[in-house]
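Since the structure of chain A is already known, use the hints to place chain B on it.
Chains as they are written, first to last, in UniProt numbering: chain A, 1 to 420; chain B, 1 to 420.
One should not assume that every hint holds.
For chains that are exact copies, the list does not tell them apart, and a pair is met inside one copy or across any two.
To be verified - Distance condition first, Cα-Cα at most 27 Å in a straight line; then the derived DSS-like pairs of lysine-lysine:
#: 1; residue 1: 69; residue 2: 147
#: 2; residue 1: 221; residue 2: 347
#: 3; residue 1: 347; residue 2: 22
#: 4; residue 1: 26; residue 2: 69
#: 5; residue 1: 26; residue 2: 185
#: 6; residue 1: 71; residue 2: 147
#: 7; residue 1: 71; residue 2: 185
#: 8; residue 1: 291; residue 2: 79
#: 9; residue 1: 287; residue 2: 26
#: 10; residue 1: 22; residue 2: 247
#: 11; residue 1: 185; residue 2: 264
#: 12; residue 1: 88; residue 2: 226
#: 13; residue 1: 221; residue 2: 333
#: 14; residue 1: 4; residue 2: 221
#: 15; residue 1: 79; residue 2: 186
#: 16; residue 1: 5; residue 2: 245
Don't read these hints as lab results, they were simulated from the structure.
Number of protein chains: 2
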Amino acid sequence: MADKKPRIVIVGAGFGGVKLAKLFAKDDVEVTLVDRHNFHLFQPLLYQVSTAVLSTDEIAYPIRTFFRKNKNVEFFMAKAQGVDQERKVLLTNHGEIAYDYLILAAGATTNFFGMENVEKNSFGMKTLQEAIHIRNHVLHMFERANKHEDNEEERRRMLSFVVVGGGPTGIEEAGAISELIGIQKKEYHHLDFNEVSVSLIEATDNVLPMMAPNLRDHTVKVLERKGVNVMLNTQVVDYDGNTLKLKDGREIPTRTVIWAAGVKAVPFIANCGGEVDRAGRVVVNEKLQVKGSENVFAIGDCANFHHGTERPLPTVAPVATQQAQVAHDNIMKLIHGQSDLADFHYKDLGAMATIGRGEAVVNKTSMNPQLTGFIAWCAWMFVHLIRLAGAHTNLTVAIKWMWNLLSGTRLGRIITNIQL
Amino acid sequence: MADKKPRIVIVGAGFGGVKLAKLFAKDDVEVTLVDRHNFHLFQPLLYQVSTAVLSTDEIAYPIRTFFRKNKNVEFFMAKAQGVDQERKVLLTNHGEIAYDYLILAAGATTNFFGMENVEKNSFGMKTLQEAIHIRNHVLHMFERANKHEDNEEERRRMLSFVVVGGGPTGIEEAGAISELIGIQKKEYHHLDFNEVSVSLIEATDNVLPMMAPNLRDHTVKVLERKGVNVMLNTQVVDYDGNTLKLKDGREIPTRTVIWAAGVKAVPFIANCGGEVDRAGRVVVNEKLQVKGSENVFAIGDCANFHHGTERPLPTVAPVATQQAQVAHDNIMKLIHGQSDLADFHYKDLGAMATIGRGEAVVNKTSMNPQLTGFIAWCAWMFVHLIRLAGAHTNLTVAIKWMWNLLSGTRLGRIITNIQL
Numbered sequence: 001m002a003d004k005k006p007r008i009v010i011v012g013a014g015f016g017g018v019k020l021a022k023l024f025a026k027d028d029v030e031v032t033l034v035d036r037h038n039f040h041l042f043q044p045l046l047y048q049v050s051t052a053v054l055s056t057d058e059i060a061y062p063i064r065t066f067f068r069k070n071k072n073v074e075f076f077m078a079k080a081q082g083v084d085q086e087r088k089v090l091l092t093n094h095g096e097i098a099y100d101y102l103i104l105a106a107g108a109t110t111n112f113f114g115m116e117n118v119e120k121n122s123f124g125m126k127t128l129q130e131a132i133h134i135r136n137h138v139l140h141m142f143e144r145a146n147k148h149e150d151n152e153e154e155r156r157r158m159l160s161f162v163v164v165g166g167g168p169t170g171i172e173e174a175g176a177i178s179e180l181i182g183i184q185k186k187e188y189h190h191l192d193f194n195e196v197s198v199s200l201i202e203a204t205d206n207v208l209p210m211m212a213p214n215l216r217d218h219t220v221k222v223l224e225r226k227g228v229n230v231m232l233n234t235q236v237v238d239y240d241g242n243t244l245k246l247k248d249g250r251e252i253p254t255r256t257v258i259w260a261a262g263v264k265a266v267p268f269i270a271n272c273g274g275e276v277d278r279a280g281r282v283v284v285n286e287k288l289q290v291k292g293s294e295n296v297f298a299i300g301d302c303a304n305f306h307h308g309t310e311r312p313l314p315t316v317a318p319v320a321t322q323q324a325q326v327a328h329d330n331i332m333k334l335i336h337g338q339s340d341l342a343d344f345h346y347k348d349l350g351a352m353a354t355i356g357r358g359e360a361v362v363n364k365t366s367m368n369p370q371l372t373g374f375i376a377w378c379a380w381m382f383v384h385l386i387r388l389a390g391a392h393t394n395l396t397v398a399i400k401w402m403w404n405l406l407s408g409t410r411l412g413r414i415i416t417n418i419q420l
Numbered sequence: 001m002a003d004k005k006p007r008i009v010i011v012g013a014g015f016g017g018v019k020l021a022k023l024f025a026k027d028d029v030e031v032t033l034v035d036r037h038n039f040h041l042f043q044p045l046l047y048q049v050s051t052a053v054l055s056t057d058e059i060a061y062p063i064r065t066f067f068r069k070n071k072n073v074e075f076f077m078a079k080a081q082g083v084d085q086e087r088k089v090l091l092t093n094h095g096e097i098a099y100d101y102l103i104l105a106a107g108a109t110t111n112f113f114g115m116e117n118v119e120k121n122s123f124g125m126k127t128l129q130e131a132i133h134i135r136n137h138v139l140h141m142f143e144r145a146n147k148h149e150d151n152e153e154e155r156r157r158m159l160s161f162v163v164v165g166g167g168p169t170g171i172e173e174a175g176a177i178s179e180l181i182g183i184q185k186k187e188y189h190h191l192d193f194n195e196v197s198v199s200l201i202e203a204t205d206n207v208l209p210m211m212a213p214n215l216r217d218h219t220v221k222v223l224e225r226k227g228v229n230v231m232l233n234t235q236v237v238d239y240d241g242n243t244l245k246l247k248d249g250r251e252i253p254t255r256t257v258i259w260a261a262g263v264k265a266v267p268f269i270a271n272c273g274g275e276v277d278r279a280g281r282v283v284v285n286e287k288l289q290v291k292g293s294e295n296v297f298a299i300g301d302c303a304n305f306h307h308g309t310e311r312p313l314p315t316v317a318p319v320a321t322q323q324a325q326v327a328h329d330n331i332m333k334l335i336h337g338q339s340d341l342a343d344f345h346y347k348d349l350g351a352m353a354t355i356g357r358g359e360a361v362v363n364k365t366s367m368n369p370q371l372t373g374f375i376a377w378c379a380w381m382f383v384h385l386i387r388l389a390g391a392h393t394n395l396t397v398a399i400k401w402m403w404n405l406l407s408g409t410r411l412g413r414i415i416t417n418i419q420l
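Okay, chain A solo, but in the shape it has when bound (with noise of 0.2 Å):
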């Protein structure tokens, strides 16, 4: 071991895993960084591609761009399988690889809860493929309402669209689709826009639970004065692709079924040999360590870090790179063979939501005030643009952004596969 460098092997390219690559990049170490994807995803916006307002590449950065300049660092495309934590290998669908400290940064996946149908009909989040899909398939939606003419109740069902779960990701996607309706409604000269609808489910009695209570009232208020159908307390059992069907007996003729009601862990985690939640999370310990191993790490929304509370850790970006610094540090120790390994304390730094254009919720925490309206808005445009990986990509979304507010347009709104 003596000239050998340590191979440090990270698995997941999100926030964290990036964050990890670019503090091990400056050590004297092998940096291996896998993901089955050549980019970085920037998830806050995914609900901008998926609504046309961004292009795939404004949010999609590619990995070995990061690491131009880092020669201890290289990406391997790969999808990872599992872990062989005697034999300190990680196992890939592109053979193994050694290492002799691991971090599982492998992110999270969309959670039906056990639901097949609504698994198999609905649309999930998670991934810029998945944005792609919604997109195509909300533009094709008008384009076949179009079409027929002699036929009502087939029209409705096209052009009603509905998204599950009032977490950002719900609020922000019911909030973009109501605004591309109103961008719609100006190019189809001959189609009933009364026939159009917006449906925002949500199980528990509110959204947004990390908002403050008032914040989440005001949100309810914007997204219907935008003509979203906010229906709370509503829980969904079963989708064919035709019929939503709920708890309480009702249905929803709908085509359109957009699921952000839950996360678990990517199944890989399952396969690393700790022990998981009900989520599929990892856990580990104060030190990000997964229980029982010392060299094998996880960080991120695949980690079950127990902070005190029964309620997980939020699956934002600021837990995973303050969990990636941590991480980083201790496992330095453990190189130069230091025992006195730092505990994981999370600084919450707030949390903030879009309903749309020129319309946002930032909570209050020690650090920023609570706001609301234009001016929370433009807070969270400067906090999201500023954290975009690319030159020029922070130019180019700023002037998309600046052109859609003023104009109301949407370029974006091409359909790319063909389903004809």
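Frame of chain A; chain B shown alone:
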């Protein structure tokens, strides 16, 4: 007929079809524009999507947005299948559309000259989907080669890129791939770029047939300086996806063949009741009427217009848009009962082609001088930017081109399909 407006049906929303619909939008007629896509494609920049310079929505513009204010123009998304001239109806996969006047502006598709294996295993370059496939495939080849550490033959096969056809599309594609390789080189720390190659295969003895001889020689020199292996007087006979076979017996091991060696009219043209030529184009008279019909016209790449020489008109936008004007004027004359239809005369505006970043050739005409190098590239850029549809698109594309010129990176290098 007294109180019923004449029904104009246009097949195809390319340069010709959109120009026609815009002209008819100002007349007292009902227009239906039919296309299988919901977007107008700016085909001259397709090679930039296929090589990760631009995003899809920068060269694709929602058709309905053109006609937002024109209530007499209706878009109908469908695949045209044929024409029944007797009954005056266009047949589509979504039913029939009755017309009083019909204009075929359906464009061209790739011509593989009957070589079925080549068609099956190589990439065409006429649609947005094909450009995305090329981008995904080329980028993926680098990722796959990077994992084949122990098999040089397989690596070289993956890293050998062949473009067939020495017209503008082939030239531009080969130049853009060679530059893409320069960018990739900075990011694959363990790949030997001596194993990467780009070849341009042309059956005749020179490239760019529409250009002056000195510009053709210049183009070949620039391509060779960029590392493109230009193979003139070379004919392809077969391709199985692994090995490209040439007529002289040579073989090129390659996983990537991009076919830009010929076009033919879309197959639908054969079902329109007119006389078609060897390339599937429908023969029109000097008034642009389909032979034997008074009220069916054809323009652009799908029309065969005799203009004195054996060679057909070039398959470029100016032919289509100039013909659109004449077809429109002639149809309006027919509607008004006038019989003095105008003849079409093509005004050649010259030709231009880029050979990559900062290099282009512009052919001399009465309108513009003969140019090469950076100044030609600036002229090319200017002409393409002002013709791009979409207000902010011009701005975002200009930003990307400038960024690409100065920084030498391409952020569009994302693989949106997964072929793990």
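Violating hint indices (sorted, rising): Failing hints, ascending: 2, 10, 11, 12, 13, 14, 16.
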